[in-house]
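With the hints as extra help, turn the sequences into a complete structure.
Protein chains: 6
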Amino acid sequence: MRQDGRTADMGRPVTIERDYLIHPEGSVLISVGNTKVICTATIEERVPPFLRGSGQGWVTAEYSMLPRATGQRTQRESSRGKVGGRTMEIQRLIGRAMRAVVDLEALGERTVWIDCDVIQADGGTRTASITGAFVAMSIAVSKLTSKKELKKFPIRDYLAAISVGKTEEGVLILDLDYPEDSAAAVDMNVVMTGAGEFVELQGTGEEATFTRQEMNDLVELAESGIQRLIGIQREVLADVGTQIGRKEGE
Amino acid sequence: MRQDGRTADMGRPVTIERDYLIHPEGSVLISVGNTKVICTATIEERVPPFLRGSGQGWVTAEYSMLPRATGQRTQRESSRGKVGGRTMEIQRLIGRAMRAVVDLEALGERTVWIDCDVIQADGGTRTASITGAFVAMSIAVSKLTSKKELKKFPIRDYLAAISVGKTEEGVLILDLDYPEDSAAAVDMNVVMTGAGEFVELQGTGEEATFTRQEMNDLVELAESGIQRLIGIQREVLADVGTQIGRKEGE
Amino acid sequence: MRQDGRTADMGRPVTIERDYLIHPEGSVLISVGNTKVICTATIEERVPPFLRGSGQGWVTAEYSMLPRATGQRTQRESSRGKVGGRTMEIQRLIGRAMRAVVDLEALGERTVWIDCDVIQADGGTRTASITGAFVAMSIAVSKLTSKKELKKFPIRDYLAAISVGKTEEGVLILDLDYPEDSAAAVDMNVVMTGAGEFVELQGTGEEATFTRQEMNDLVELAESGIQRLIGIQREVLADVGTQIGRKEGE
Amino acid sequence: MRQDGRTADMGRPVTIERDYLIHPEGSVLISVGNTKVICTATIEERVPPFLRGSGQGWVTAEYSMLPRATGQRTQRESSRGKVGGRTMEIQRLIGRAMRAVVDLEALGERTVWIDCDVIQADGGTRTASITGAFVAMSIAVSKLTSKKELKKFPIRDYLAAISVGKTEEGVLILDLDYPEDSAAAVDMNVVMTGAGEFVELQGTGEEATFTRQEMNDLVELAESGIQRLIGIQREVLADVGTQIGRKEGE
Amino acid sequence: MRQDGRTADMGRPVTIERDYLIHPEGSVLISVGNTKVICTATIEERVPPFLRGSGQGWVTAEYSMLPRATGQRTQRESSRGKVGGRTMEIQRLIGRAMRAVVDLEALGERTVWIDCDVIQADGGTRTASITGAFVAMSIAVSKLTSKKELKKFPIRDYLAAISVGKTEEGVLILDLDYPEDSAAAVDMNVVMTGAGEFVELQGTGEEATFTRQEMNDLVELAESGIQRLIGIQREVLADVGTQIGRKEGE
Amino acid sequence: MRQDGRTADMGRPVTIERDYLIHPEGSVLISVGNTKVICTATIEERVPPFLRGSGQGWVTAEYSMLPRATGQRTQRESSRGKVGGRTMEIQRLIGRAMRAVVDLEALGERTVWIDCDVIQADGGTRTASITGAFVAMSIAVSKLTSKKELKKFPIRDYLAAISVGKTEEGVLILDLDYPEDSAAAVDMNVVMTGAGEFVELQGTGEEATFTRQEMNDLVELAESGIQRLIGIQREVLADVGTQIGRKEGE
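Protein chains in written order, with the UniProt record's numbering: chain B, 1 to 250; chain V, 1 to 250; chain S, 1 to 250; chain D, 1 to 250; chain W, 1 to 250; chain A, 1 to 250.
Covered stretches of chain S (in silico footprint by chain W; criterion: 3 or more residues with CB under 8 Å from a CB of chain W, positions within the stretch not fixed): (1) 21-28; (2) 61-70; (3) 110-118.
Since the hints were derived computationally from the structure, they do not count as laboratory data. By construction, the Cβ of each residue, glycine as well, lies at the ideal position given by its N, Cα and C atoms.
So this is what it looks like as structure tokens:
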């Protein structure tokens with residue numbers, strides 16, 4: 001039994017509040033336990049220099065935390081004058097994950113900007129960001145369809161992410177909150193599609209190691225957690241979701 | 001009659017949601033019409049170098065906007081690697097305003113960090129920040145009292161802020177939303193105390209000027225708006241508020 | 001009676017040395033008591049991106065202090081790698097003030113760069129900068145007229161600035177020097193036009209507040225000080241000044 | 001058959017030149033095919049602030065590429081004024097990987113600085129850096145032992161890293177060179193210990209996904225490649241290596 | 001005959017206005033033709049970390065140009081967020097030159113900060129800075145003597161600098177103004193002491209070269225120019241100068 | 001006799017390994033005693049803005065040291081976020097030296113980027129960089145000739161550099177290693193062409209001065225050292241070198 005009463009293979013309560021903000025083309029407030037992230041998607045009608053004239057689109061992401069998303073106040077990266085390594089790592093991960101399910105040619109020469117701003121952190125902010133960002137992106141992209149600006153819906157499949165880990169006692173657990181994450185010997189973030197394929201798998205021993213068997217068990221645990229998240233995404237995206245993964249002519 | 005149905009002297013609907021986040025010592029989500037700001041207050045048990053050993057405390061503030069708080073996406077200041085002039089101006093204003101009602105000696109050698117993060121912007125983000133930050137600060141400081149760490153409650157009076165302006169047609173209006181603010185000929189931000197005294201008065205002609213009579217009428221309009229805001233603060237701070245401005249021995 | 005023998009409503013000696021430097025299109029050395037600022041105006045034949053193709057011009061300002069303009073050496077902002085909040089606030093104020101009296105359409109698609117470099121500081125550097133910059137700008141713009149590059153003289157009115165304040169003893173005083181400014185309870189900067197209208201009014205209680213009556217008295221004091229400064233500007237700009245505010249056809 | 005004649009499960013030629021530089025406590029030049037990295041280890045007799053007084057040591061890493069390590073000249077990060085996201089990700093990975101096999105308490109309050117400078121890049125620079133850095137670190141740490149500054153040898157096990165990937169045609173390959181890496185659908189970096197346990201596993205679909213079966217096959221491929229690398233490390237570290245992983249009393 | 005009527009071996013008119021500013025311990029305005037530099041010297045009662053506890057002092061310099069010191073407006077280094085290569089080169093040169101005539105032990109553990117701010121540039125700003133900075137430093141240091149804070153006057157000799165060059169036509173000229181400097185094939189800056197010894201010699205072919213004979217002739221030309229400058233320094237420093245180079249017991 | 005057995009007028013062993021890297025158009029590893037520098041030359045088919053459309057080319061240089069090129073680890077300039085003054089001074093020197101022997105018109109509108117990365121430092125890194133960079137540049141430029149992209153070979157003469165100095169005992173020595181350089185009273189860097197003309201002469205008294213006679217003797221010493229270096233360059237550049245300095249029609 002865990003601190004908050006969950007069993008090892010249980011995820012935290014999840015809510016995804018759609019259209020949380022009035023300005024962005026797509027936005028959600030995702031809550032995973034006490035972790036809360038505002039995810040927005042912005043459509044920009046141009047692409048970075050390396051894609052100009054290619055006919056291809058791009059998806060990129062930025063991630064940040066409010067100073068008091070955390071127990072101790074964290075200094076703003078704007079005050080420090082630079083974006084830290086952890087932030088860079090996370091925002092690169094979010095962008096890469098989104099691109100794995102987007103048909104960039106079908107998107108056309110436009111950029112989807114994903115912004116994930118953690119307003120309250122309690123572990124799993126990067127995976128909550130991915131799960132929420134996918135919904136925000138889907139809403140934003142669906143507005144392009146309704147404006148007939150796309151020939152084909154460019155999102156190929158659902159996408160969600162969760163963390164799994166090994167405690168110091170060797171127990172494998174799903175969806176770690178902050179105290180669990182801080183104490184974990186092994187920490188793994190998994191990003192998967194609706195079809196159950198991997199997009200990203202990042203397992204890290206924190207001054208510790210893990211065996212092949214543990215790797216397999218962790219991955220299985222993550223899989224079950226992600227299926228539940230995708231179920232929630234399907235509900236939230238009821239209207240939009242039917243277009244995801246639709247083949248041409250369907 | 002204004003775009004949203006208000007008369008010239010009417011403020012927008014205001015709500016202040018207390019204890020919005022779990023981690024900070026004080027936090028609110030303030031909404032003024034569509035403008036929404038998360039204000040938090042953090043108590044740090046030390047002061048900047050210039051006050052060390054002085055027995056005095058300090059109050060300082062930081063302000064930021066999420067990239068999609070605005071209609072067009074705004075680039076993050078952390079990505080640009082520096083804090084812009086507008087942000088600096090606003091955060092200096094917030095800090096100065098708070099300090100005007102705080103007895104820094106009574107606070108003792110500790111710093112109150114105010115963080116105002118605009119999650120949705122529709123005009124008046126700096127004045128909403130001040131009005132919300134005052135509540136967050138009061139909650140945070142009251143926790144020090146309940147821990148018996150203060151001899152005297154260091155907040156001397158209520159404090160709130162509002163904007164007033166002159167339209168291009170010369171009409172004086174209260175609490176400008178974003179379209180009104182963009183079009184205004186004159187824009188004035190007023191910060192006042194519960195006792196009705198000024199803390200800050202910033203009137204600016206935007207490629208325009210204003211007369212002494214207009215100055216007086218604008219100030220009067222602001223005064224009425226601020227009294228209403230302080231009424232709302234009093235309700236939200238019901239338990240804590242009785243300590244504000246209390247003299248020693250009371 | 002004040003430290004330097006002035007009465008409360010007396011300004012400091014002011015001199016404006018025209019054409020102080022050989023390179024800029026307009027330049028002055030303004031001295032207000034011991035405060036000395038080199039103000040230059042540069043005409044650039046292009047505008048910032050947001051105005052390209054608009055037919056409109058722009059006026060922008062930068063402000064800096066030599067390290068030993070002050071009693072203690074101040075670290076250079078170039079060495080610190082960033083421009084501080086106070087500098088940003090002042091340079092934004094100077095630019096905004098100039099734009100209030102410039103007809104940007106009449107200026108055409110060009111930028112006036114104002115540079116104010118304080119070589120000696122003794123209080124009131126921002127107001128001295130505005131008063132001096134107006135003269136430098138007028139000279140620079142007049143050279144465009146003489147080259148027949150303008151249809152209409154784009155400066156609509158004179159413009160000057162002064163500070164007023166309330167001492168800790170509650171006396172209202174004009175044109176504060178540095179020791180007075182450091183000790184003042186309330187500090188107000190006022191920018192006005194030749195026609196006696198306000199362009200900018202920034203009153204700030206320094207851990208203090210002020211009443212409506214004090215506001216009115218301070219503004220009145222400022223008004224008299226500014227009229228004197230504009231008188232001096234008129235003399236210095238003898239030849240150029242006749243074009244200021246001239247209507248078409250005059 | 002691959003471009004350079006290797007079969008899918010074959011690694012590139014590897015050499016590790018020990019004591020490549022005269023100044024550092026430990027240094028190697030590692031070549032993996034055409035990828036060449038100078039890895040150095042520096043012992044500093046102090047730790048970062050968060051560890052002061054803890055009795056624990058620390059291992060941290062920095063990574064960089066010469067501008068012409070690559071086919072096209074890459075701009076220096078010092079000229080751009082900031083360290084990019086890719087660099088940060090890699091140097092965090094290297095540091096974390098080293099720490100997984102170091103007993104930080106046995107190291108005592110000192111820091112091992114790892115520097116990996118790529119002088120020629122042809123794919124796999126981060127894995128070559130880890131493999132080389134481990135050797136440099138072992139040499140540097142062994143000098144502490146010979147000076148009797150350590151009670152116990154703080155390196156618990158060998159450590160090496162390799163990349164594996166899936167080509168666009170779906171073939172799984174070991175130790176990708178740059179053209180293979182650029183074209184790969186899936187790219188996985190694996191860091192393992194001499195005991196065959198995982199320290200880090202980072203699998204990424206580049207606008208593509210991978211199945212659980214593929215994950216398992218890739219991991220197996222990596223395992224064989226890493227065993228070979230550790231064999232080479234053992235030879236290079238002949239004298240020093242006997243201390244690695246030695247239990248107290250051995 | 002040169003543009004401004006000088007012969008090849010003639011320097012420009014030089015004036016050094018002492019005590020130009022009220023705040024610094026030492027200050028001058030030096031004019032060399034149209035080149036005008038404000039030089040100040042600040043005494044700080046501490047030294048950089050590498051000298052703490054050594055009993056030795058330090059002299060360091062910073063150099064800057066006002067944006068309109070030049071014909072075209074130069075962007076401020078504070079706005080660009082970094083100090084350029086040319087500035088760094090010049091301020092390192094100024095500091096090194098001063099240190100060559102200062103007995104750092106006699107100075108004691110204090111730092112002399114030299115600030116050279118070019119308000120008008122017409123060639124030779126670095127050499128004018130050195131010549132002026134020497135005077136400012138001497139005044140500042142003499143105040144320490146009068147306060148009895150020094151056992152021995154720490155300035156060993158006079159110091160001044162001048163530029164010489166070779167025109168495209170092969171003529172060797174003294175004290176180049178800006179048009180001459182821009183067109184010169186060879187440019188040499190020479191810093192010498194009152195005793196006629198070299199402190200710094202920097203000869204540079206600008207896409208050109210120079211022979212040994214030319215080197216000797218240039219150096220001789222510089223020598224005569226520097227003697228004249230030191231003569232002017234002696235006059236300006238009448239009272240202070242008697243201490244320069246005085247042996248103990250004198 | 002010096003520490004390493006050399007007489008005062010003896011240079012250190014020099015080797016220049018050509019085509020050290022596979023990617024750059026020109027590259028060498030130059031060793032001068034224990035000083036080792038990787039020099040590369042990159043041809044970019046465009047020029048900086050100030051030369052666009054001029055028909056002229058450009059040569060520019062960057063210089064850096066690996067953190068452990070030195071006895072103590074040096075912090076990376078990328079981590080500090082800015083390039084230091086010493087680095088700037090050196091890279092400006094290298095660029096300027098190269099340009100002195102390049103006919104920029106014959107080069108055409110392209111840029112030669114020189115990168116000098118010191119992998120091991122033992123004094124004389126800037127002069128070794130120049131000597132090595134000249135070879136790398138010659139190789140890179142000769143590839144343009146063989147591609148018939150040039151009408152005329154744009155390198156006019158050989159170019160090499162060496163340091164000379166005066167010890168504290170007053171002995172003049174050639175090619176200082178790091179301990180000699182640190183202790184020297186006077187330090188002079190000399191850059192010369194194959195024809196024996198000066199390109200750059202930088203003599204600096206380190207808290208010391210030098211006489212005219214010493215200047216002459218130092219220069220003579222440098223001359224002999226440079227002739228030897230150019231002899232080595234001629235051998236290394238056997239095939240390419242015949243084009244250097246060839247007149248049209250030859």
